[in-house]
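Sequences and hints are given; from them, build the entire structure.
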Amino acid sequence: MQKSHDTIARRLALILTKFNEAQKFTASELAQEFGVSLRTIQRDLNSRLSYLPIKKEGDYYSLETYALGKLNLEDIKSFATMSGIKELYPALTDSFIIDILNNKINATYLVKNHGFEALEHKTKEFELLSVAILHHQHVQFNYNEKARDTKPYKLVNNQGIWYLVADEMQELKTYSFSKISHLKIIDKNFKTNEEFINTIKKNEANWFSQTVLEITLEIDKSVAAYFLRRKILPNQTILEHNDKKLVLSTKVSYENEILSIVQYWLPHIKIISPTHLQEKLHDVLQKYIKN
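Residues in the sequence shown are numbered consecutively from 1, following the numbering used here.
Be aware that one or more of the hints could be misleading.
[Unchecked claim] Ranges of calculated distance between the beta carbons of each label pair, as one might list FRET restraints: (1) Lys124 / Glu218: 41 to 51 Å; (2) Asp59 / Gln236: 32 to 42 Å; (3) Val284 / Phe34: 20 to 30 Å; (4) Asp220 / Glu279: 19 to 29 Å; (5) Glu240 / Ser50: 34 to 44 Å; (6) Thr275 / Val212: 15 to 25 Å; (7) Lys270 / Ser178: 30 to 40 Å; (8) Thr123 / Ile197: 18 to 28 Å; (9) Lys188 / Val247: 46 to 56 Å; (10) Ile272 / Leu134: 38 to 48 Å; (11) Ala147 / Ile272: 43 to 53 Å; (12) Lys201 / Lys56: 33 to 43 Å.
[To be verified] Straight line, CA to CA, 30 Å or less: simulated BS3-like cross-link-like pairs of lysine-lysine: (13) Lys280 / Lys244; (14) Lys231 / Lys173; (15) Lys173 / Lys201; (16) Lys146 / Lys173; (17) Lys231 / Lys24; (18) Lys191 / Lys154; (19) Lys18 / Lys221; (20) Lys201 / Lys18; (21) Lys231 / Lys221; (22) Lys280 / Lys251; (23) Lys221 / Lys24; (24) Lys179 / Lys124; (25) Lys270 / Lys245; (26) Lys231 / Lys201; (27) Lys24 / Lys55; (28) Lys251 / Lys179.
For the record, the hints were derived by calculation from the structure and aren't laboratory data. We treat Cβ as the ideally placed atom computed from N, Cα and C, and that holds for glycine.
See below:
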């Protein structure tokens, strides 16, 4: 299921990028490019992306002139993900998807990389936190059997796990959302800390952990363009690029963070270093095959 979710989000992001760059295309052209049925593309354009000001002239689709170039990379990633996978956000409504393109709403969430955590059972808490973040209100909750009084800044989806990023006693911390209990909003506002905001914006700095792992990857030429067009990997740096392959380095906080990305792009990607990580990936795949 996750593989399907990732594929939809990736396809929608690429279609959104085309729209944003003033490209015109037919549904048949998209179906051929992405290797899916015409019916799937029609569903993308007429349902999943129906909230955009899309115009159709003959067989060609394009974005209304007034909307061209309005989306930045974060908008595209967020909107594509949310349009394609409603399970990502609890009780996600069509109007809420539209609101995500509003800068005020967009400042509430950050989605990093791939993966999705089902949170239907905590819809109310998720919505309460969203409101508290937008209005800069204190929130109290229990976490690891301890009462917390925090200033919430962002809800972050990192590798499928939702985290709350909040200021607790003048220190920026992350809390696994699923472990938060007895949540309540306090009728008390706070002034945001610009230093914390900048830290969150630099999310590629791996502030989930003090440990940073440097990974070297070899990308097959068949998918190299995707990695060159946009930074799929955190802290992505090009080490080598020729007509046969692309070699990149990346820095992550956790091994599973890079393993999930590599698995998504198999068989077009392999881990060059560290070697133990490639061996770990091999073991994971072997277990998957056996099961």
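Outcome of the hint check:
About 46 Å separates the C-beta atoms of Lys124 and Glu218, a value consistent with the hinted range of 41 to 51 Å. Taken as a hint, the range 32 to 42 Å holds for the pair Asp59 and Gln236, whose Cβ atoms sit roughly 37 Å apart. Checked against the hint of 20 to 30 Å, the C-beta distance between Val284 and Phe34 comes to roughly 27 Å, which is consistent with it. The hinted window of 19 to 29 Å between Asp220 and Glu279 holds, with their beta carbons roughly 20 Å apart.
Checked against the hint of 34 to 44 Å, the C-beta distance between Glu240 and Ser50 comes to roughly 42 Å, which is consistent with it. The hinted window of 15 to 25 Å between Thr275 and Val212 holds, with their beta carbons roughly 18 Å apart. The supplied range of 30 to 40 Å is met by Lys270 and Ser178, whose beta-carbon atoms lie about 33 Å from each other. With their beta carbons about 27 Å apart, Thr123 and Ile197 fall inside the hinted range of 18 to 28 Å.
Checking the proposed 46 to 56 Å range against Lys188 and Val247 shows it holds: the Cβ atoms sit about 51 Å from each other. Under the hint 38 to 48 Å, the C-beta atoms of Ile272 and Leu134, about 43 Å apart, fit the expected range. For Ala147 and Ile272, the Cβ-Cβ distance of about 47 Å falls inside the hinted range of 43 to 53 Å, so the restraint holds. Between Lys201 and Lys56 the C-beta distance comes to about 37 Å, which sits within the given range of 33 to 43 Å.
Between the alpha carbons of Lys280 and Lys244 the distance comes to roughly 26 Å, so the proposed pair stays at or under 30 Å and holds. As the CA atoms of Lys231 and Lys173 are separated by approximately 26 Å, the hinted pair is consistent with the 30 Å bound. Proposed proximity of Lys173 and Lys201 is supported: the alpha carbons are some 15 Å apart, at most 30 Å. For the hint linking Lys146 to Lys173, the alpha-carbon distance of about 14 Å falls within 30 Å, and the restraint holds.
Annotation: proposed proximity of Lys231 to Lys24 holds, straight-line Cα distance about 24 Å (limit 30 Å). Among the hinted pairs, Lys191 with Lys154 is consistent with the structure: their alpha-carbon atoms are about 14 Å apart, no more than 30 Å. For the given pair, Lys18 sits about 22 Å from Lys221 by alpha-carbon distance, which is consistent with the 30 Å threshold. The straight-line distance between the Cα atoms of Lys201 and Lys18 is roughly 25 Å, inside the 30 Å bound, and the hint therefore holds.
Simply put, Lys231 and Lys221 have alpha-carbon atoms about 16 Å apart, close enough for the 30 Å limit, and the pair holds. Distance hint between Lys280 and Lys251 is fulfilled; the C-alpha atoms sit about 18 Å from each other, no more than 30 Å. Distance restraint check for Lys221 and Lys24: the Cα-Cα separation of roughly 26 Å lies within the 30 Å cut-off, and the hinted pair is therefore satisfied. Annotation: proposed proximity of Lys179 to Lys124 holds, straight-line Cα distance about 14 Å (limit 30 Å).
Taken as a hint, the Lys270 and Lys245 pair is honoured in the structure, with Cα atoms around 11 Å apart against an allowance of 30 Å. For the proposed pair Lys231 and Lys201, the alpha carbon gap of about 15 Å is at most 30 Å, so the pair holds. Only pairs whose Cα atoms come within 30 Å are accepted, and Lys24 paired with Lys55 is accepted, the gap being roughly 10 Å. The suggested pairing of Lys251 with Lys179 holds, with an alpha-carbon distance near 27 Å, which does not exceed 30 Å.
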